[in-house]
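Engineer: Start from chain H and add chain D with the ligands according to the hints.
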Amino acid sequence: MALNKKKNNKQKEKPAANHPKVNRESEKNKKTKTEKALTFITWASIFLTWYIITKLGIFTPTLLPGPARVWMAFLRILENGYNGVPLWLHLGASFKRLFVALFFAIFTAVPLGLLSGYFDKVEAVIDSVVEFYRPLPPLAYYTLLVLWFGIDDTSKQILLFLAGFAPIYIACVSAVRKLNQDFVLSARSLGAAQKDVFFKIVLPASLPEIFTGIRTAFGVAYTTLVSSEMVAATSGIGWMVLDASNFLKSDVIFVGIIIMGITGVIIDAGLRFLERKIIFWKGHV
Amino acid sequence: MSAQTNKESLIKIENMSLEYGESINSTLALKNINLEINKGEFICVLGPSGCGKSSLLKCIAGYVKPTSGRVLMQGKEVDGPDWHRGVVFQSPTLYPWMTVNENVEFGPKMRDLPKTEIKEIREFFLDEVNLSGFGENYTFELSGGMKQRVAIARVLANYPQVVLMDEPFGALDALTRENMQNLIRNIWKENNTTIFFITHDVDEALLLANRAVVMSKQPGEIIKIFNVDFTNQIFEKGSKEVIYNEDYFEVKNEIMDIIHSQID
Ligand SMILES: Nc1ncnc2c1ncn2[C@@H]1O[C@H](COP(=O)(O)OP(=O)(O)O)[C@@H](O)[C@H]1O
Ligand SMILES: [Mg+2]
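The listed protein sequences correspond, in order, to chains H and D. 1 is the number of the first residue of the first sequence in the working numbering; add one for each residue after it. 1001 is the number of the first residue of the second sequence in the working numbering; add one for each residue after it.
Hints may be right or wrong, so weigh each one.
Claimed, not checked - One side only, chain D facing chain H, incomplete, derived with CB under 10 Å: (1) G1062; (2) V1088; (3) Y1138.
Said to hold, decoys possible - Below, computed lysine-lysine pairings styled on BS3-like, alpha-carbon distance capped at 30 Å: (4) K200/H - K1115/D; (5) K1119/D - K277/H; (6) K1065/D - K200/H; (7) K1109/D - K195/H; (8) K282/H - K1119/D; (9) K1065/D - K121/H; (10) K178/H - K1065/D; (11) K200/H - K1119/D; (12) K1115/D - K277/H; (13) K195/H - K1076/D.
Unchecked claim - Every beta carbon over 10 Å from chain D, so not counted as near; a handful from chain H, in silico: (14) K31; (15) E35; (16) W71; (17) E123; (18) A124; (19) P137; (20) L139; (21) T143; (22) L147; (23) F161; (24) T216; (25) S250; (26) I258; (27) G270.
Read the hints as simulated data drawn from the structure, not as lab findings. Even glycine gets a Cβ: it sits at the ideal position worked out from N, Cα and C.
So here's chain H without its partners, still in its complex pose (with noise of 0.2 Å):
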């Protein structure tokens, strides 16, 4: 029978202009009312409680300085700097560490951890090595890294590196393991090359994944950066704390905890939103 006879007599879906859309993005993230609210007045109320805390003089405002005086020490250190360097500086060189380090991690444990998923064999050869210095606090092997590549940026960058792999490597291990094999099986049966099913099959399907062990390595790649800095560095926020901490500055201490908390909430948030962009299809599966 002729390939393009068609019928007239069959109904035709309406088309997508008067489709409604769905929202395309991840709707679990949006928060309440209330919930904002909530999260408002907890933070009102520790400001609060730090606030009193000092009114009533119980330390010294040499132990626990005030709002005021915290917010007096940003407004000098974003003058004049700290130390003679500017903010931006100490920031920069923090964040230059943690970026380049992610970086390496992010393409090297992507592909190592879904061929791992994939392959065995492969798995043998890495997932020992990684289940071993994983557990182990990085700090232990910062040391013979500061021996080995000095005190700059390079041992610090190799610690975070070693420090953000194993978070990702496992998560791209495990995203394969998860994967629905169906999803193989029919790309395999429309005519995927083995190739094909890897890149167009099994790494768009790991990416939830991937993205969630990528935020975790941001997170424990951050705190090993700060903790690094204050062990051995020169600059950097880490450096600022621990230098400050040296000749008593409380202000400056309070001052650098707080700007690593914020951006480090910060860069979460913006991991997320483009979570949300790239994974738009998230919880469809």
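Structural biologist: Coordinates of chain D with the ligands only, in the frame set by chain H:
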């Protein structure tokens, strides 16, 4: 009708058995299956649940290797999945990171067809399943029936020699299911497709098949094959009133009796 006149053999299953697992914990899923699928046929497979229908489909698709016996396609032994045997799963395995268009184009793209041809094929089969205009949507924006239609279009876009379907309408509501049955019958008629269709619904099998294969409980064996013609009658008359005639009841009751004798 073309389906009746030329009996060109496409798939031949010879003395096939399938056992899952090792020695003590093994399950014999299929026992001594012999079946020939001819070009242009619409074969429906019926049987109690757990009897090995899906296992039979997986052997034909090349997803699992039979323990003994073999599956031949045009004289060559089936060795792994390939695009000549398209598969529609019970729950559509559409890729949510691709639009409807990209899903339907997936097969032709994998086979490196020229761009213009890919586009023509995609338009043709989206029209075939009444989904023109939905190409830019993502698959999670569609209803269950529409998703299954995209899955069918995606498989047809490769012009496979045979389409294997595992209870494709099982998860749909009754009304959608009936529309889908008419749709697949029309596609089969218009494109002279060969279809191997698993269902647990006797009516569905009789409304679609020109051969209905009834299987025993596990380990699955073929008990009886019925040659039926209701699908052609429905196609010509445009309504499914045949289900009210005596022949239909006779066949249906016989199949029901066989299946009931297998449960308990
Ligand atoms: N991967 C598997 N491993 C072990 N046993 C299986 C597997 N798949 C199916 N079986 C068993 O084989 C038998 C037939 O299953 P299946 O082909 O899914 O039947 P149906 O599709 O007719 O319901 C069942 O007893 C089932 O438990
Ligand atoms: Mg089944």
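Engineer: Hint by hint, note whether the structure agrees.
Structural biologist: Verification of the hints:
1. The criterion of a C-beta within 10 Å of any C-beta in chain H is met by G1062/D, whose closest approach is roughly 8 Å, and the hint holds.
2. A cut of 10 Å between beta carbons decides the hint on V1088/D: the least distance to chain H is about 9 Å, and the hint holds.
3. The interface hint given for Y1138/D is met, as the beta carbon of that residue sits about 6 Å from the closest beta carbon of chain H, less than 10 Å.
4. A C-alpha spacing of about 18 Å is found between K200/H and K1115/D, which places the hinted pair at or below 30 Å, so the restraint holds.
5. Taken as a hint, the K1119/D and K277/H pair is honoured in the structure, with Cα atoms around 27 Å apart against an allowance of 30 Å.
6. Distance check on the hinted pair: K1065/D and K200/H sit about 26 Å apart at the alpha-carbon level, within 30 Å; holds.
7. The hinted pair formed by K1109/D and K195/H meets the criterion: a straight-line CA distance of about 14 Å does not exceed 30 Å.
8. Simply put, K282/H and K1119/D have alpha-carbon atoms about 28 Å apart, close enough for the 30 Å limit, and the pair holds.
9. Annotation: proposed proximity of K1065/D to K121/H holds, straight-line Cα distance about 23 Å (limit 30 Å).
10. Restraint check for K178/H and K1065/D: the C-alpha separation of about 23 Å stays at or below 30 Å, so the hint holds.
11. Among the hinted pairs, K200/H with K1119/D is consistent with the structure: their alpha-carbon atoms are about 19 Å apart, no more than 30 Å.
12. Restraint check for K1115/D and K277/H: the C-alpha separation of about 28 Å stays at or below 30 Å, so the hint holds.
13. Distance restraint check for K195/H and K1076/D: the Cα-Cα separation of roughly 25 Å lies within the 30 Å cut-off, and the hinted pair is therefore satisfied.
14. The beta carbon of K31/H is kept farther than 10 Å from every beta carbon of chain D, the shortest such distance being approximately 23 Å.
15. For E35/H, the shortest C-beta to C-beta distance to chain D comes to about 26 Å, beyond the 10 Å cut-off, and the non-interface label holds.
16. No Cβ of chain D comes within 10 Å of the Cβ of W71/H; the nearest lies about 47 Å off, and the non-interface call holds.
17. With a minimum CB-CB distance of about 23 Å to chain D, E123/H clears the 10 Å threshold, and the non-interface call stands.
18. Every CB of chain D lies more than 10 Å from the CB of A124/H, the least distance being 23 Å, so the non-interface label holds.
19. At roughly 38 Å, the least C-beta separation between P137/H and chain D is larger than 10 Å, which holds for a residue marked as non-interface.
20. Even its closest Cβ contact with chain D, about 40 Å, leaves L139/H beyond 10 Å, as expected for a residue assigned away from the interface.
21. Interface exclusion of T143/H from chain D stands, the closest Cβ pair being 44 Å apart, more than 10 Å.
22. Distance check for L147/H against chain D: the nearest CB is about 46 Å away, which clears 10 Å, and the non-interface claim stands.
23. For F161/H, the non-interface assignment is confirmed: its Cβ lies about 29 Å from the closest Cβ of chain D, beyond the 10 Å cut-off.
24. Remark: the non-interface label on T216/H is consistent with the geometry, its nearest Cβ contact in chain D lying 22 Å away (cut-off 10 Å).
25. The beta carbon of S250/H is kept farther than 10 Å from every beta carbon of chain D, the shortest such distance being approximately 50 Å.
26. At roughly 39 Å from the closest C-beta of chain D, the C-beta of I258/H stays outside 10 Å, upholding its exclusion from the interface.
27. At roughly 22 Å, the least C-beta separation between G270/H and chain D is larger than 10 Å, which holds for a residue marked as non-interface.
Hint compliance for this structure: no hint is broken.
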